[in-house]
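Make a model of the complete structure from these sequences and hints.
Line order of the protein sequences matches chains A and B.
Numbering (the working numbering) for the first sequence: 556 to 1186.
Numbering (the working numbering) for the second sequence: 556 to 1186.
Derived by calculation from the structure, the hints in this document are not laboratory data.
There could be a bad hint or two in this list.
Which copy? The list can't say, so a pair holds if one copy fits it or any two copies do.
Calculated pairs, EDC-like style, for lysine to aspartate or glutamate (alpha carbon to alpha carbon, straight line, at most 20 Å) [to be verified]: (1) K1027 <-> D1084; (2) K1048 <-> D1137; (3) K1072 <-> D692; (4) K806 <-> E645; (5) K1027 <-> E957.
Protein chains: 2
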Amino acid sequence: MPVPSFSRLLGRPLPRSSARDERLPNLQALPILSSDALSSVAYATEAALGILILGGSAALTLSLPITLAIIGLIAIVVLSYRQAIAAYPEGGGSYVVARDNLGRNVGLVAAAALLIDYTLTAAVSLMAGTQALSSLDPSLLAFEVPIALLLLVLVGWANLRGLREAGRVFALPTYAFVVMILLLTVAGLRDLTFHHGWSPDAPTFTAALQPIGLFLILRAFSSGCSAMTGIEAIANGVQVFHEPAPLNARKTLLVMGILLSAMFLAISTMGFMYGVVPNPDITVLAQIGQRVFGGGSVLYWILQISTLLILVLAANTAFSGFPRLAAMLAEDHCLPMQMKLLGDRLVYQNGIGVLVAITALIIVICRGDTTVAVNLYALGVFTAFTLSQLGLVRRWWKLRGEGWQGRMAMNALGSITTFVVLMVIVVSKFDEGAWTVVIAIPLLVWGLALIRRRYREVFSALAPDPDGSPLKLVPRDPPSGHHAIVWIASIMKPSLEAVRYACSFADSVTAVLVVQKGEDAGQLSQMWDRYVGSDTGELELVLLDSPFSSLLDPFCDFVMEQEQRHPERITTVVMPVAIPRDRLDVALLNQRAGNLFEALSTDQSRVFSIVRYFVPPRSTQGGATSSGSME
Amino acid sequence: MPVPSFSRLLGRPLPRSSARDERLPNLQALPILSSDALSSVAYATEAALGILILGGSAALTLSLPITLAIIGLIAIVVLSYRQAIAAYPEGGGSYVVARDNLGRNVGLVAAAALLIDYTLTAAVSLMAGTQALSSLDPSLLAFEVPIALLLLVLVGWANLRGLREAGRVFALPTYAFVVMILLLTVAGLRDLTFHHGWSPDAPTFTAALQPIGLFLILRAFSSGCSAMTGIEAIANGVQVFHEPAPLNARKTLLVMGILLSAMFLAISTMGFMYGVVPNPDITVLAQIGQRVFGGGSVLYWILQISTLLILVLAANTAFSGFPRLAAMLAEDHCLPMQMKLLGDRLVYQNGIGVLVAITALIIVICRGDTTVAVNLYALGVFTAFTLSQLGLVRRWWKLRGEGWQGRMAMNALGSITTFVVLMVIVVSKFDEGAWTVVIAIPLLVWGLALIRRRYREVFSALAPDPDGSPLKLVPRDPPSGHHAIVWIASIMKPSLEAVRYACSFADSVTAVLVVQKGEDAGQLSQMWDRYVGSDTGELELVLLDSPFSSLLDPFCDFVMEQEQRHPERITTVVMPVAIPRDRLDVALLNQRAGNLFEALSTDQSRVFSIVRYFVPPRSTQGGATSSGSME
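Given below as structure tokens:
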């Protein structure tokens, strides 16, 4: 049970049964699964224009052909993923597809790329959402990092509460964003037709910093490819759809691909028509909105707010994806087991915590500027694309079901195309930060593989001997001799209870008292005789001197020596602990149990027993000591 | 034993025997015990001038009569403390004297005043030392807070290492400071005689902000009283002197009082003669040094550096006084017992830690400016003075030894004088921060008394019944029934060892396995039968379902229900713990023992046994599992 204040913050525990998968109609599944993909149009055009402007304002005209090329790529990837849905109707992420078809190690590469991607999705979406907000009010520009961090904390908190249930509400921002882009397009085209007569505005003249060459175009293309993030989400979430789930998912994926292409084309076209130049203080989408709707108009505000909301939603998809992937990796023993612990609210709380921490780090390092993060982003996405398509090629080849040639060809095309784009991104973006991902992926793979190897070793060391016969254990199995060593800090009730407990099971009991400076050994012996008795057979009191200031060291030495002298005995160290029942007592009572446990851990195998004695709280002064008694 | 890196930082543990008290000749005891008192002349004149300047430059002439009044006060206090030495030859601090003669509660008032004083001594000395440094190089002015904090960390670290042994080295800075003030005086007087013809410089004209009235004079007097801090140190440390210790201490105290008075008078006189005006960027002592020795001269540098060193030494006295007083209070059960724990280096490490933390807080709050802290400082000092003198009056009255009338009269005079000064300080400084101490002392007293009362309650609750007969415990005392409940996370060697241990002493054993989502209960039962056996009598396996995600809750509920159903049995909860022997494993192995211990702590009295299983580290792969076996 969590501490009360925690449960107030996160809500009451949810029963496991409420985790059953909810099925959604296509119209609800679409917005929930595609917020990441659709929201990327809010920064993809901007990312491409941001590179092209280096070639001067003239180069901006290249944005349209680049957009068309990316739309062609989207078509190929969407068609490839429709096949993934057919192959993995239970939902196949890139990790699962790569692991099952290309082997565990290639699977780890996909996993590493995805882990990096999810954190970048969260960071880029929140930073872009903050920019949508500061485009509305420039006075917020100085606070972009704190605002992005605040949004991060909110999304993290909502996920720790297990906010997945609110799925239906999540549909609204996505549709609002789609509707606003539609409105923007219709109004923009009408405006251009009636007032401009279809001749594009001349953009503010900007001098070229670099020649317009193939390299510049490829870099702009690579940046624009950030529009393709999130396409795989529908293929990963097939089980969310109504039956027949694969059919519905394929339909929805197609609709999503068309929507994404149309929105991306519309924004790039209008950016070109209105002669928009990228500006660090106001986003490209906001600039278009200002020119079409007017700077202070209600529609402009709605456009920006819906952009913010869909971007927050997109960040939220990382919060369902990352912890789930981390839990799968933990299940495969490639990450610490803690990552698969389900919290009281049925969420992978440790995964959420790690994601919040890494995302916060990225936001702080990037200082709220998406440029570098977007560069890295596309790299991971295309690594995952390539590997999952390649896995499907391998799968069709192995299974050779009906029509396997066509399917294999489609996925081969997808895999080759995305691999080529991946190489383009690596080469063209290497200086701009791609090198970090090129280093990070192998490092992550190495770490995941190290953990997997170590878990395998540990499990084989801990597994019971498969050839051994059953232990045939029976209680009160006469042992070769049971010896208990009781730590006595002072001759008080908790210590006496511990001695009583030790006597209840051991054949011989040694009570050990380390004499502190200023204590009288003789007096302590007398107290022992007075309260325990002087003729106690196999129960003896040993008084130890402490040459150094530590009381634990002489005790540990004594225990070690006893164990070495009688290896045939089972030795149990018994420690009395006064458990505070009162906030004040927590500070007043010395909690040495943890220290002693740690100190003894450094030596041989040993049983450590804690006998609790509950100290009555202040409210029930006197007379309430009976609750501490053992019998 | 501490962690290796710790012992490298702090040095190897010292044996208790090295704590024997070292005796010092007077010439060494003087500098060690009076660095606090003598160093206060570095800021006392400045503090008084800082108030007087509010009355305009004309008011600065009042500094000489105020200095003479304070020197009179020093004489009275020194004579009073000479009597304290006679009465408490083993060293009587204000706390002990007040506690023994005026009762425990008045003792707590003295203790509270002293605790506040020690922290202010450390803070004021370090800040004044930093100012001595930045007077040398004004570019350090911006870094006063970090420099003071750095000095604090150094002094704290030196004390955690137990630097008391280096006592002899400590004599140098004090004598260097005394010699430099002497040189300054001689050179200054010569300079004034030959070049000025004994007419004081007219100070830079400053307009009066306040009228020169009694109140202003009293406030300046109160600030100047900060020169009197540290006088009690020699009386507290009588046991440091060679025999006859009380006689030597009395002599040394007299010498110290004369030195202090002479230095204070010299600095105030020269400040007046040279027309020095207080300046936040450079100390008064540094201004005098610049005029006498010349700004860039070697002597000026030596003056400033020796000022810095004696002030750091003065801060160091707080580091021996505060932890010792805290340990005495813990001994009297007025502070948590942790305060009297001696570390491996034979120092009260917790007291040092608390002092570092509070001092750092004061330095940060004051932003390196001593003004406010000096105001508060004198308040605590005079409270302690008054109470200890009053305690002595009471003592002489009770004992009525030889010449008691004279002694009582002397201490009565001291006590009345210091009480009057105390009232003057409270009234004149109330607005300038004295109110915080007026609030803090009663709060601290209340806290100390609360802790004392609670310890008394706890001890009476935990003490064995004085009228009861001895327990007459004997090992293997047949108990009414011993039941063990073993937590099984999975059927692996650590769990089997725990079951084996439970069977070695309990009459009945229940192994409890909480079935996780995705695990097959039937298969687990089969594994149990395979490895443990199917016909095990009083040893049974119980499989629990987990409706919520927590695995601990169903287990705790089961334990509670078992205990309630069989209150006659002694129940032991046995938990297997895989102990990592490898750094990597620390992250990989789930350490649930602490959580389970905490979860079970909230209920009834219960014994919690941890059976360790040591996981072999990576270097000894395979075959090394035998070390984990219990037999």
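Evaluated hints:
In the homo-oligomer, the alpha carbons of K1027 and D1084 lie at most 20 Å apart only across protomers (9 Å), although the nearest pairing inside one protomer, at 43 Å, exceeds that limit. Proximity of K1048 to D1137 under the C-alpha cut-off of 20 Å is restricted to the intra-copy arrangement: shortest distance 18 Å within a copy versus 39 Å between copies. For a Cα distance limit of 20 Å, the shortest separation of K1072 from D692 qualifies neither inside one copy, at 69 Å, nor across copies, at 49 Å. When the C-alpha separation of K806 and E645 is checked against a cutoff of 20 Å, the pair qualifies only within one copy, where the shortest distance is 16 Å, while the shortest distance between copies is 93 Å.
With identical chains, the CA atoms of K1027 and E957 are never at most 20 Å apart, being 55 Å at best within one copy and 85 Å at best between copies.
When the structure is compared with the earlier hints, violations turn up for hints 3, 5 and for no others.
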